[in-house]
Amino acid sequence: MTTQKPLELILARNLMSALSTPAFLVDEGGVLVFYNESAGMLLGKRFEELGTVSAEEWGALFGPFDSSGEPIPYDDLPLVVAVRDGRPAHADFEISSVDGTRHRVEVSAFPILTAHGSQGAIAVFWPAGSSNGAGH
Amino acid sequence: MKVKLWGTRGSIPSPGPETIRYGGNTSCVGVTLSDGSMLALDAGTGIRSLGLALAAEPARLHILLTHLHLDHIQGLVFFAPAFRAQTEIVIWGPASPEASLRDRIARYISAPLSPVEVRELPCDVSFRHCPQTEWEIGPARIRAASVAHRGPTLGYRIDDGDSSLAYIPDHEPALGADIDALEEDWISGFELARDASMLIHDGQYADAEYPDHVGWGHSSLSHAISFARRTNAERTVLFHHDPMHSDERLDQLGREAQERWTAMGGAVGGIELGAERAEYELAAPTASAVPAS
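Protein chains in written order, with this note's numbering: chain D, 1 to 136; chain S, 1001 to 1293.
Check before you lean on any hint, since a few could be wrong.
[Said to hold, decoys possible] Here's a subset of chain S near chain D, in silico, CB distances under 8 angstroms, partners left out:
# : residue
1 : Q1132
2 : T1133
3 : G1176
4 : A1177
Since the hints were derived computationally from the structure, they do not count as laboratory data. Beta carbons: idealized from backbone N, C-alpha and C, even for Gly.
Please model the entire structure based on the sequences and the hints provided.
Pasting the structure below:
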C-alpha cells in the first residue's frame, strides 16, 4: 500500500499534465514525484520511464550546470529553495538531457503552501531566450 | 453502524411531485454508532428531519461537515436539537486560512440571512477544525481528508468495529485525470474509500451532462463507478443527485449504473442511487451491507 498524496499535489499534477510548459513537482521532502510530457521531451525521458527520484539523483542525471559548465550546488536549486525556505525562487542554468544535449533554461519555482504547511513545490522551466515556453 | 439518508439532493432543495421517491432535501446522513452515539454527516436541509426524529433524545451529537456550501449547511438553523439547552453539539469541518470554522458558519447564521446568531443558539455548540490525523468519537475512528471539489472540502471515513463508511458527497476525482489509469495514491479520496463497507459518493451528472460541468466539483456516473471499483468499496450509494433529475430520470441512471457495475465484475446490488429515508446496517466487510429497509 502506498501513501495517499496530498490533494494539493494531486491537483498540481492534474494541472501540469495539461500544460505544454515543462513543469516539475516535488513533495515536501524534495523528492521529484512528477514531471509532465513537455518536461519529458526536454529531458529525453518520460516520467513514466524514470519514476520518482531524489534531488541528489536528479542532479546526477540531468545537472544543472552554471554558464561555465560547473554543477550548481544542490542547496541553490530553485526547487530546493522553494521547499526548504517556503518562498519563490528563480534561476537561469543549463540542464543535460539523456543524450547529453545541454539546454539553457530559466526556472521559476514556488512552494505549495496549505493550511497544514508546505506540501511541496512546483517548478516551471522556460527555454532561455524564448518568448514561448512551449516552443522548445 | 447504522446509516440513514436524510437528504440526498445536491445544490438546492428540489421538493415536488417529480422528486418524491429519491427526495428533495439536500445532503445529510445520520450515522448511529455501535454504542448508540449519533453523527450527522453534513447539515443540508435533510438535517431538519433528522432533528425532529431526535426530538425525544437529549444528546451530545457530532455534525461532520464536508464543506460550507449552502446545500451542506442550510439546515443548521432548522435543526431542533440546536434549540435545546440540554444538547451538546460539536461541529467539525475543514480549516481555511481565511477564517475559523465558527466565523465562516456565522456568516450564514447571522443577519440578514438568519434570524438567530450563533451566540444565541441555546445548545452548547462548539466548532472544531478536523485534524489531519485520525481521531475518535465514541467507539469510532474518524478520518478526514481533503478531496477535489471547489474550496476547502473534506471527505470522511468512519470505522466502527469491523464496518466502515466512506462519505464523499462532493467530489470530482477525474478533473484533469484519468482515474482508470492513475496510480491509486494519486487519486483524490482513494484512501478514505479503500475497501469500505459502504461508500456514499457524488454521482451528480449523467455522462452526457458532465462535459458542460467540468470543474464544478462533481462526478459523472462513469467517474463515480470507476472510483468505486478502483477503491473496492463493498457497496456504493450514489448521492448528491442533480436537482434537475426527476425520479424517473434517476431510475434510468440507477439501472445504467447497475448494468455497468455488473459488467465490470461488480456484485449484483453493489451499487444503487441513494433515496431519502433509506436505511442500512453495515456488517463486517466479509459480509454484504444489509439494507435495513
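To see whether the hints hold, each was checked on the structure:
1. A distance limit of 8 angstroms between C-beta atoms decides the matter here; for Q1132(S) the minimum to chain D is near 6 angstroms, and the interface restraint holds.
2. Taking 8 angstroms as the C-beta cut-off, the interface hint given for T1133(S) is violated, the closest approach to chain D being about 11 angstroms.
3. Look at G1176(S): its Cβ gets to within about 3 angstroms of chain D, closer than 8 angstroms, so that hint holds up.
4. Taking 8 angstroms as the C-beta cut-off, the interface hint given for A1177(S) holds, the closest approach to chain D being about 5 angstroms.
When the structure is compared with the earlier hints, a violation turns up for hint 2 alone.
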